[in-house]
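Chains as they are written, first to last, in our numbering: chain A, 1 to 395; chain B, 1 to 395; chain C, 1 to 395; chain D, 1 to 395.
Calculated directly from the structure, the hints in this document are not laboratory data. Incorrect hints may have been included.
[Unchecked claim] The calculated PhoX-like cross-link candidates involving lysine-lysine, where the alpha carbons are at most 25 Å apart (straight line), are:
#, chain 1, residue 1, chain 2, residue 2
1, A, K254, A, K170
2, C, K254, C, K170
3, D, K254, D, K170
4, B, K254, B, K170
5, B, K254, C, K254
6, A, K254, D, K254
In this text, all values refer to a predicted model and were calculated from it rather than measured experimentally.
Chain by chain, the residues run as shown.
Protein chains: 4
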Amino acid sequence: MSEFTIMDLRRPPLGRRLRLGVVGGGRGGLVGQWHASGVRLSNHWEIVAGALSSRPDNAALSATDWIIPPERSYTDWAEMARVEAAREDGVEAVFVCTPNFTHHDISAAFLKAGIAVICDKPMTRTVEEAHSLAGIAAETGTPLFVTYPYMHHAMARQAAEMVATGAIGKIRQIRAEYLQDWATGPADPESSGQAWRQDPAKVGRTAAVADIGTHAFHALEYMSGLRADALRADFHTCGAPKGGLEDTAFISLKMQDDVPAHLHISQAAPGQHCGLRVQIWGDEGGIYWDQEHPELLRHAPLGQPERHLVRGQAGSMGNGASWLSHLPPGHSEALPDAWSNLYAEMGFALASHLIGTTLPEGLIQTWDVSEGVRGVVFSDRCADSHEAGGIWLQI
Amino acid sequence: MSEFTIMDLRRPPLGRRLRLGVVGGGRGGLVGQWHASGVRLSNHWEIVAGALSSRPDNAALSATDWIIPPERSYTDWAEMARVEAAREDGVEAVFVCTPNFTHHDISAAFLKAGIAVICDKPMTRTVEEAHSLAGIAAETGTPLFVTYPYMHHAMARQAAEMVATGAIGKIRQIRAEYLQDWATGPADPESSGQAWRQDPAKVGRTAAVADIGTHAFHALEYMSGLRADALRADFHTCGAPKGGLEDTAFISLKMQDDVPAHLHISQAAPGQHCGLRVQIWGDEGGIYWDQEHPELLRHAPLGQPERHLVRGQAGSMGNGASWLSHLPPGHSEALPDAWSNLYAEMGFALASHLIGTTLPEGLIQTWDVSEGVRGVVFSDRCADSHEAGGIWLQI
Amino acid sequence: MSEFTIMDLRRPPLGRRLRLGVVGGGRGGLVGQWHASGVRLSNHWEIVAGALSSRPDNAALSATDWIIPPERSYTDWAEMARVEAAREDGVEAVFVCTPNFTHHDISAAFLKAGIAVICDKPMTRTVEEAHSLAGIAAETGTPLFVTYPYMHHAMARQAAEMVATGAIGKIRQIRAEYLQDWATGPADPESSGQAWRQDPAKVGRTAAVADIGTHAFHALEYMSGLRADALRADFHTCGAPKGGLEDTAFISLKMQDDVPAHLHISQAAPGQHCGLRVQIWGDEGGIYWDQEHPELLRHAPLGQPERHLVRGQAGSMGNGASWLSHLPPGHSEALPDAWSNLYAEMGFALASHLIGTTLPEGLIQTWDVSEGVRGVVFSDRCADSHEAGGIWLQI
Amino acid sequence: MSEFTIMDLRRPPLGRRLRLGVVGGGRGGLVGQWHASGVRLSNHWEIVAGALSSRPDNAALSATDWIIPPERSYTDWAEMARVEAAREDGVEAVFVCTPNFTHHDISAAFLKAGIAVICDKPMTRTVEEAHSLAGIAAETGTPLFVTYPYMHHAMARQAAEMVATGAIGKIRQIRAEYLQDWATGPADPESSGQAWRQDPAKVGRTAAVADIGTHAFHALEYMSGLRADALRADFHTCGAPKGGLEDTAFISLKMQDDVPAHLHISQAAPGQHCGLRVQIWGDEGGIYWDQEHPELLRHAPLGQPERHLVRGQAGSMGNGASWLSHLPPGHSEALPDAWSNLYAEMGFALASHLIGTTLPEGLIQTWDVSEGVRGVVFSDRCADSHEAGGIWLQI
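Construct the entire structure; sequences and hints are all you get.
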């Protein structure tokens, strides 16, 4: 039994941050930023080294973005594994956010150097690589993590808990979808991520299915608590041609206990952004979750009005989900993003003050002291007006 | 003219993080966590010192949560201001997230010590204090910031930009509301924040109006670009009694150019969580934004179908708002929260591995390597099934 | 005590339809069509006479639309009152859907002739006229009805019942709105209804307030079960000028028991169509109804997830509301409109068949027998495919 | 070429109503009421005869409900066909709303008697019957109609028109669903429709697929304008056992031009009422329609904000759809239902007045003249308050 409870996850158990390295994540990449947002917000980790790019100029530039000291900014991940493993204060883990086809070799190198690996999904390009990597992790005893972040929204976990504890009775059918539209037209040459995702030489046999189908499949199994036994797939290219690769798939699943499920995957569905949605029906109710509105869980007990559960609301959160909910209901999980924007602006303003430069054009100083005064005056005039019987007053 | 453009806000301009202190934020407080989320996610700041609580035991415990070294954990903010100002590596700024009635004295002390202050809203309890603090900031030349984070959502700024550039024509009427329900019943004795917010001795003349009305008033002025000239207010106590303080207000406003506006504030409206909503109508269109769905901006040009602008969508973002948008559309601003939960769990798991303990009960290892293998197998079987003409295959 | 129960309202109690006349409703008018839809759908009435227009050509043309025999199509409502009152089979009631300023004289004439009157709202132009008409009804003993149809949606009544029986506890605050946008620009010369609605000579002292404010005020009182004791109003012209008349009003209300309420009325709010919405908060919950989504009632018991009640769902309908719900949940109240369109098309097709003409261009024969065959074939092929193990079959 | 335009469909072209009979529709049945609502609201038809039930007592009782004279109320549909065909004023058409397995024989009898038939879907139980009936219609030259009412909502037709005229480019994929929950548990013994719908002896090889799958299939073909070439079906029983019949089906379709489509049908999906939804994606946009919100059409042009088209809005309606739209936008298609409820209440009140009885308990007289006066007083007091500068006034 652990000495910790689940609520202890809110604080680093060692009283310090773990030392983390990055492989990939140079300027132009997106996925590295998403990992970084979790790293920083969690306060469990400190990024101290990185092989951000194999191009020296991009690696150097990116290292200043990430505030990684030059001596720990590498252009060769193999060298990084070797050097960091040898340092007293070397990284304890790396996260790997390079294109999928490179995951196996990079991860293997770090695992063999005794450095834990956090690998973006899909874990590898082929099944052989996947088993190989799992084998290396087992042999070395070094932790290997694979990241499916969507299921770490509080209400996705809440859904799983409710399903597991009978809120919808026995599961009878499931439908999931992950729909995007970025691959409807030809690949955007400005995008670092679109070209390789549609290149058979790089992604192997599947494009959309590996890229987002794996998320939907994971979500479907996670939220239902059921494993798929068999599948049947039809692939289509509904957007611009992709060298024979699919951008769309209709997949039938037979889950445990003969529960039927259907999965619709597309990256060529105009108007769809990141439409990961899971719907599960049992014999006593239904439940519905949509990644684009992650704070909301719709629960329809059979014969009763549908209930809209909002993250954080008293009485609506299970034990396992509660630690994931950091904010009161209505203060959305998106709030840290707004605060981050504000702190970036204030940081910039203070830095400008310290070095004596002016602020960029177009920046509005919503934090200005005059706004602060105005708020206090507003409250005060409201009280004056009310006390005088609801009369008009100048502000 | 600045040497920077607005997109440079994404990176710390000094090539290092600014040193930040915290006043308030001890265990049990909420607002400090919100500031911290912005601090960490922005990557512009490093928290290195704090007067987290006046109670020594809570201060010490909280310092380990924030990973602040014991020698820079204070119980007396006045001492903190003195000591940090004297240190070579002292904090360059503090954020103040104590109850409102203490803002003036704390902020004044740090400003006088030459340390920049980031003060939560409302800036002070009384108008006199507000003017006093603004005066101190002016005299000392030390930056003073007041935080209204909601307007730092990308689509709130987008709304302001669209209104300013004529998307709805000339503004003709405005309605805003900020509705919550936590003050419907008596104050929750478990909550550190509810009691003082309803205590006339602590908050002064207004409760809900100062607490959330100032947010709505700021949003209304910010998004419309119009200043209020006059107001008329009616206060009510719709929830449990609060020593004569209001929990609800209906406020009429006369904006510049005689534009009428109405503001509804309540903390006793059951079913409402953080319902900050602003609606602006001009002679050529209307626009609507809701803090609980911050990614969406509804824009109705007169006589045309309503358009649903989603953050990050190509062609829908103005210049000033674009730097605030870090993720593709559909990958909601809430995603960092999910990644943070995942990184906390993986950090915890790695720490447990390092010290040889087990994981807390109830923690599901979604990151397990077997899940990674499963995803790759899933993609592969899909390709097999498709190539065989859409046949059922075991997984 | 009545010999009838409320469910008996579904059938005409006399075993026949009541004879009904129409005043107003000539081609070009809208309101007459709305009355007619209720008349026909209810099956309680038969329209047999009308003074549809004072212009003989329009009266004659309109009479064929309404299938009124020429001898009972009048151009003078006074003559109609006289003649119909004298007929053995004369109308037992008329509905009056002329512009508001004519309501008093027309209604008075029919009441005095002993014919019941169904008068569209607002009942009259002035308070004096209203009292005069009420007096005539009382003196003559002839029934006078005034129509506020929105409150006859099943879920509006359901809301009133739930509020009355304590679903939200004691009422503490209310907000209502009725927002449209047709009066944002100048009056459309094509519209028969826009010009007189904005002409002070015709509507008197108020335009939007009389036209739609009365609906919102009625809804607010009806759904809350509380009467307003006092009001305070600010008028504005937010759209094109209207000879001094308001198109927008912000109205504060003091309801019984000192419950505060606020009403926002506008016909110049771009993007708003018929946004009649009522929100009521008590000390134990809140309730919300929107005329544009009349099938849905949102109910938030304090501290519990919001419940979405859908018309007709088992267990969600009160006694008084249940007779108003004619269709299973999900088969929306709008379904009769679709059926009506279908029956009009089939009627037209059969008539064309009988007189040997062709169908109008653009009409798609969804009812064609080939579609019927196709549906049966579809079902059959599905069964074939399933029985063969889920194989592809031609249709 | 027709002498009529499509807008002429709003009026009966013969200047009279067509004489219509009913087969089925006795007390307890639902579908007959839906047909009747269209019959009445369209004003193209008059119901004059019926074989409402084979049980004499129910037939007689039901005839009074429908206001059918006793001499034209039959208990035997074969007799009705014979007698009505012989009458000078006999019915020109009948609608058949009996259980599906009886459709063939009843329809055949009336067709052979020279009476047009309006047959509810599915047209027949078997493919053989369908072809037989189509053959009889062809031989006799008597019109035979099959009813799919959902596609007669204005915005369903609008969707079809927009797709046909290129609003989403070339169609690339389609998904449709029709989900209900009434068959989750065992058949409700109170319901006249549930038992036979799940009885293999009555419905044949398919239950849900024939009952609602045919609707979804029709909608999918109608809105896309594409025909299905092949299908593959998997049947499941997700709710209570039904003698081997399916209540759920997952159906893959190959449409013309190799466009893939998927159809999900279920009557055992808790929380779903009448969820008929169609989503079509082309290479330039997507379009989405939901029967439960029939007034709204969502259209996402690729790379632009999603547009919410509302029925009746200027500039948003195509030619073929415009005649189907009878009400301004926001005045929902559901409004006739509310007006019908109101007219039923007023009809009841007038009838009670005529025969001197009291109203049923629980009936609220919203139409009372005092409400009419109150509305006029309200408007007047608003004007008084405004003119006095926005002061409080008693009502």
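Hints versus structure:
1. A/K254 <-> A/K170: Holds, at about 16 Å.
2. C/K254 <-> C/K170: Measuring from Cα to Cα gives roughly 16 Å; hence the hint holds.
3. D/K254 <-> D/K170: holds, 16 Å
4. B/K254 <-> B/K170: holds, 16 Å
5. B/K254 <-> C/K254: holds, 22 Å
6. A/K254 <-> D/K254: holds, 22 Å
Of the hints listed earlier, there is not a single one the structure fails to meet.
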